[in-house]
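Protein chains: 2
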Amino acid sequence: MQRYFVSKNNIATDGHIIITGDDARHIQKVMRMRPSDRMICADNSGNAYQCVIEACGDDQVHAYVQNKLTADPELPIYVAIAQGMPKSDKFDTIVQKGTECGASLFIPFQAERSIAIWKEEKKDKKLLRLKKIGKEAAEQSHRLYIPEIVNPMGLDQLIAFSASFPFRIVAFEETAKSGEQAVLPELLGKMHRGERLLAVIGPEGGLTLEEAQKLKDHGFALCGLGPRILRTETAAVYLLSAISYHFELQQVR
Amino acid sequence: MQRYFVSKNNIATDGHIIITGDDARHIQKVMRMRPSDRMICADNSGNAYQCVIEACGDDQVHAYVQNKLTADPELPIYVAIAQGMPKSDKFDTIVQKGTECGASLFIPFQAERSIAIWKEEKKDKKLLRLKKIGKEAAEQSHRLYIPEIVNPMGLDQLIAFSASFPFRIVAFEETAKSGEQAVLPELLGKMHRGERLLAVIGPEGGLTLEEAQKLKDHGFALCGLGPRILRTETAAVYLLSAISYHFELQQVR
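Chains A and B are the protein sequences, given in the same order. The opening residue of the first sequence carries number 1 in full-length UniProt numbering; numbering runs sequentially from there. The opening residue of the second sequence carries number 1 in full-length UniProt numbering; numbering runs sequentially from there.
Treat each hint with caution, since some may be false.
Copies of the same chain look alike in the list, so a pair counts if it fits in one copy or across any two.
[What the hints assert, rightly or not] Lysine to aspartate or glutamate pairs mimicking DMTMM-like chemistry, simulated, CA-CA at most 25 Å apart: (1) 216 <-> 248; (2) 68 <-> 173; (3) 90 <-> 180; (4) 190 <-> 248; (5) 29 <-> 204; (6) 8 <-> 89; (7) 68 <-> 174; (8) 90 <-> 139; (9) 87 <-> 136.
In short, the hints are calculated from the structure, not lab data.
This is chain A alone, in the form it adopts within the complex:
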C-alpha cells in the first residue's frame, strides 16, 4: 500500500488528516487515488496509520485514520553515517540505500581526499535533493522516520559533533587489509536498544592515515568491513546490513 509522510500538525486528534503539496498531487495525479481508497500515513515521530481517503481537492487530500499500525521497522540502534564526500551522484545512492537499510542520520564529511566540494551557492539545493531522496526511500522501505541530513562538516567539526555519540567507529581500509575483523561484532555486542552509533566512511581514495589517527585519538574504533575492498558507496550498506543482521535477525532467536 502506498505510504506518505504527513506533518504531525496535519493529523488531528480525532483522526482527520490533511495532505498537501507534492504528496497531494502524487496521490491524485500519479496514483490516481479517489475517495474510499486506502493508504498509509506516517507522522515521522514513530507512528503510522492505515487511512481512507475522504475527499480530493485541488491541492489537498483529506483522509481519516482507520487504525494505527503496530509494526516497528526501525533499526534498534540509532546509526549516523558520516560519509566522506564522494564523486558525482554517488551520495544520492548512499542516502537511498542507507535509508532503506535503516540509517537515521547522514553527515556529508569533507575528507582530505574528497574530490567533490559542494559550492556554497549549490549547497542548499544539494541538501534539499538528498532530503527528498531520503524521504522517498523512507516511504518505500516502510520506515517510521525520515533520515536527517545535515550540512557538510570538516574533520574537526565532525569530531566535536561526535561527542553526543557513545559509540564511534571508522571503516578503515588499512585496518581491513591488516586482517582486523573482530572490532565491529565486539562493539555491537556492547550496544543496547536505543543507543547511538556514529560511523565514519572515507571517500573514494579512503581516509588518510592522519585522519584515521586523529579519529582514533578521539575515541573512534578503527574497524574492517570484511576482507574485500568495498567501494565507498557500498560500505554504508554493508555496515547497516551487518547491524540489522546482528540486532534484528540473530537476536530474535
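Since chain A is already given, all that's left is putting chain B on it; use the hints.
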C-alpha cells in the same frame, strides 16, 4: 596496487606472465605503466601474485612473478544469487555490488513479475557486459575469482539447477512482513566452509505466492532480510553483507 586477471595458461611455471588484449592496453594506455612497475595478477583459480613488468609491446605486456600473495578475500561459503530480472540497468549494479560483497555466481531468473525480458538476439551481448562488470568488480575488490554469470533461467530450470546446492533460500517480502527473522542465522549456523548456498531474490514486484510456494516445496527456506522493505537491487548486498558479518567478522573472535 592495480590488479588484473590473467589466464592460467599465460602464467608459466617459471613465473613468466604474458598479458594480452584489453588489459595490456589498459596497463600501457590508461595506467601508463612501464618496465619495473609493479602490479598484481590473479589467475582466477585462487592464486594472486605480485608482479614486475619486464617489457611492454604493442598488444602484450610481459611480467614476472615476484611473490605469491597469501591473503584470502573470498567468502568462506560459495553463494549463488538467482536474481529476478530487474528493470533497466539494475542488473549491472547487482553484479557490481554483489561481486564486491563476495558472490560467486549470478543467475538471471525470469520471474513471473519480471518486466524486463532479454531478447534472444541481445542475450549474448548482455551476458558479455555483465561478465565484464563482474571481472572489473572482482579486480577492484581484490577477489581471487571472477564470478560466473549464466544464461537466464525460468522457475523450473532454476529448481532443477538448485539440486547441486545443499542450502537454498528465498528472500520473500511476505515472510519478512510476517516478522520472520530467524531463518537466515539458523541456516548460516548450520553451514561450513566451502559449502554452497543458492539464494533467490524476486524482481521489483517481488515473487508471487505461487513461485514462493513452489520453491518451498523444493526445499527452499523462505526468509526475511529484516523488517524494512528492500529494493530488489539492495537485497543481494544485504544478504552477502550478513553472510560476511556472520562468517568473516563474528567467527574470527
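In rising order, the numbers of the hints this structure does not comply with: Violated hints (numbers, rising): 3, 6; every other hint is consistent with the structure.
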